[in-house]
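Colleague: Single-letter residue listing:
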Amino acid sequence: MSIEKAYILISIFLFLSGLLGVIIRKNLIMLLLSTELMLNGVNLALASVDRLVGGIEGQVFALFILAVAASEVAVGLGLVIALFRLKGYEGSSEITHLRD
Amino acid sequence: MQELVSIQLPDLRLVLPELTVLITGFMLFSLELLFKRLSHAIAISVSLVGYLIALLFITFMPAKGETFFGLYHRDGFSSLLQFFMLLLTMVLLGFHLIYYRKKRSLYGEFYYLLSFALLGGMFLVSSYNLIVLYVALEAVSISFYILTALLRSDFSSKEGAFKYLMLGGLSIALASYGAGFMYLYSGSLDLRYILTHVGENQYFLVLGLVLFLIGFAIKIGAVPFHFWLPDAYQGAPTPITAYMASVGKLAFFAPLVRLMPYVQEHFAYAWVATVSIISAITMLYGNLVALVQKDVKRLLAYSSIAHSGYIMAGIAVAQLIGLKAVIYFLIAYALMGFGSFMVLALLERSEGWENRLEQFSGLRFSAPWLAVSFMLMLLALLGVPPTVGFVGKALVFMSLSSGSLWWLAFVMIVATGISTGYYLRITALMFMRNPSTNLQLALTGWEKALIALLTVSLVLLGAVPIILWGFISPSAENLFVR
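Chains as they are written, first to last, in my numbering: chain A, 1052 to 1151; chain B, 30 to 511.
Hint data in this document are derived by calculation from the structure and do not stem from the laboratory.
Be aware that one or more of the hints could be misleading.
[Unchecked claim] Below, simulated BS3-like cross-link-like pairs (lysine-lysine); rule was C-alpha separation at most 27 Å, straight line:
id, chain 1, residue 1, chain 2, residue 2
1, B, K131, B, K477
2, A, K1138, B, K131
3, A, K1077, B, K192
4, B, K323, A, K1138
5, A, K1138, B, K192
6, B, K132, A, K1138
[To be verified] Computed, partial: chain A to chain B, Cβ under 8 Å:
id, residue
7, I1080
8, L1082
9, E1108
Note that this is a predicted model, so its numbers are computed, not measured.
Note that CB positions come from ideal geometry on N, CA and C, so glycine has one too.
Here chain A stands alone, though its shape is the one from the complex (with noise of 0.2 Å):
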């Protein structure tokens, strides 16, 4: 197996972990952890390609994902703030006010 083969079963790996992580945790800061984690992977995943299909455009787009992900990441933490100033750590977890 060569080497690009196997870091693409590694970004499956850490992909399916992330996506683990969305689906069992409850704790607001674990759940944005594992969305990182997936684009992580995605990102080992694209870096990866590129050495097999020869080309730059992978590189390109995984750059793209780092710098909007951490905006995103930014976004998350500013509303984890804000839900734990209105409900304390206790109560964040219990995100359900809005349901049928």
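With chain A fixed as given, assemble chain B onto it according to the hints.
Modeller: Relative to the frame of chain A, chain B by itself:
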């Protein structure tokens, strides 16, 4: 040596509307930074002037083509959708001020976030490149997350925004992982090249496309992935809900519409099967759950999910007629959804209004004209003949019958029948009951004029559909030509 260093400048004339919106956004941003207490009249006039110039560029300078080395693609479809996005944003700016003042949530951020969301949407409808689609999608979404949370000390607004952010982050991760697999298959990030490329390992393409479509299905609120949508729509400030239901829907559906003509060649069968099944579930679920809602804002959010289902039914028919029906229905839903949420935003300004169903009883007495226009909007959402909703549904139905998807057409009729239950219930409450609460509602002349304009446009575009059809038909044909 001279040729090696010659630089080819991109053709900036094609992106003049986007540049205008970008400059408007940066102007609003710097004005907000420079002046601690920015006058809202100035902010509104700057944005209106900017959007008006962009609108004039789109209307009177119909240049078509590609620029930025194939990253940006302007055609009739993108101009049409951008026209309606700009128009609806301008209408929104005529409504929002008194609502936000009432909720004590006037922030200067509102204006530039609105223009950045609009800019992202304008790029999203006019590109085939996955990087541009990714960045534009995130520009729209991140602006929406912040706009959703902009209600002072309101927990449900933050909660809706956080759920939207989590599912949005999930969708963007899935879509970009799909983009990675498509890149692995073809060695290019251009959707047209990827889908016409014939290479080995076609399962990479299928896997990539499936992940990409799941990502977009989360964004448009198709049913197995719809959890965020009612919460975000209910928690958000109502003008922003109207904005998400109109401009957001137009923007998020556009890449699927662009994908459709290319998908049909290789695996039309799989496409038709998956999209039509998702569409059927979406229609039925959205309408059934809307039937039991007590909160009208949440009810309209579920009706928005159901309308996503109708639009996806048109997308399932991978033919030209389906494409035309989808574009018509998208624009129709943008107008209808915008209008109905805007009426709720106007009503929420009166004291003690919580959008509960029983509060609508006897609205005819306290706000007769508002009740009449809300009724017309609900009838348009239901699809009663002289309105845009009817023409949109009829077109989708015709395209389903020409694609011989009879079972989906049947499901659509059943779903519309279910939706009669809640649309007509609100109408009956407004017109046949006595008022339970007395409602003080003072509308300014502008707002009356804009609501009247929206209502008239719903009826007019439905009675004379050829007005829109003349623009939709050539742009849809253009999408099929390579």
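Colleague: Each hint needs a verdict: does it hold in this structure or not?
Modeller: Verification of the supplied hints:
1. Distance hint between B/K131 and B/K477 is fulfilled; the C-alpha atoms sit about 18 Å from each other, no more than 27 Å.
2. A distance of roughly 24 Å separates the Cα atoms of A/K1138 and B/K131; the hinted pair therefore holds under the 27 Å criterion.
3. For the suggested pair A/K1077 and B/K192, the alpha carbons sit about 12 Å apart, so the restraint of at most 27 Å is met.
4. With a C-alpha separation of about 26 Å, the suggested pair B/K323 and A/K1138 falls inside the 27 Å cut-off, and the hint holds.
5. Our distance criterion of 27 Å between C-alpha atoms is met by A/K1138 and B/K192, whose separation comes to about 16 Å.
6. The suggested pairing of B/K132 with A/K1138 holds, with an alpha-carbon distance near 20 Å, which does not exceed 27 Å.
7. Hint status for A/I1080: violated, given a least beta-carbon distance of 11 Å to chain B, over 8 Å.
8. Residue-level restraint check for A/L1082 holds (minimum Cβ-Cβ distance to chain B is 6 Å; threshold 8 Å).
9. Hint status for A/E1108 relative to chain B: holds, with the closest Cβ pair at about 5 Å, below 8 Å.
In summary, the one numbered hint that this structure violates is 7.
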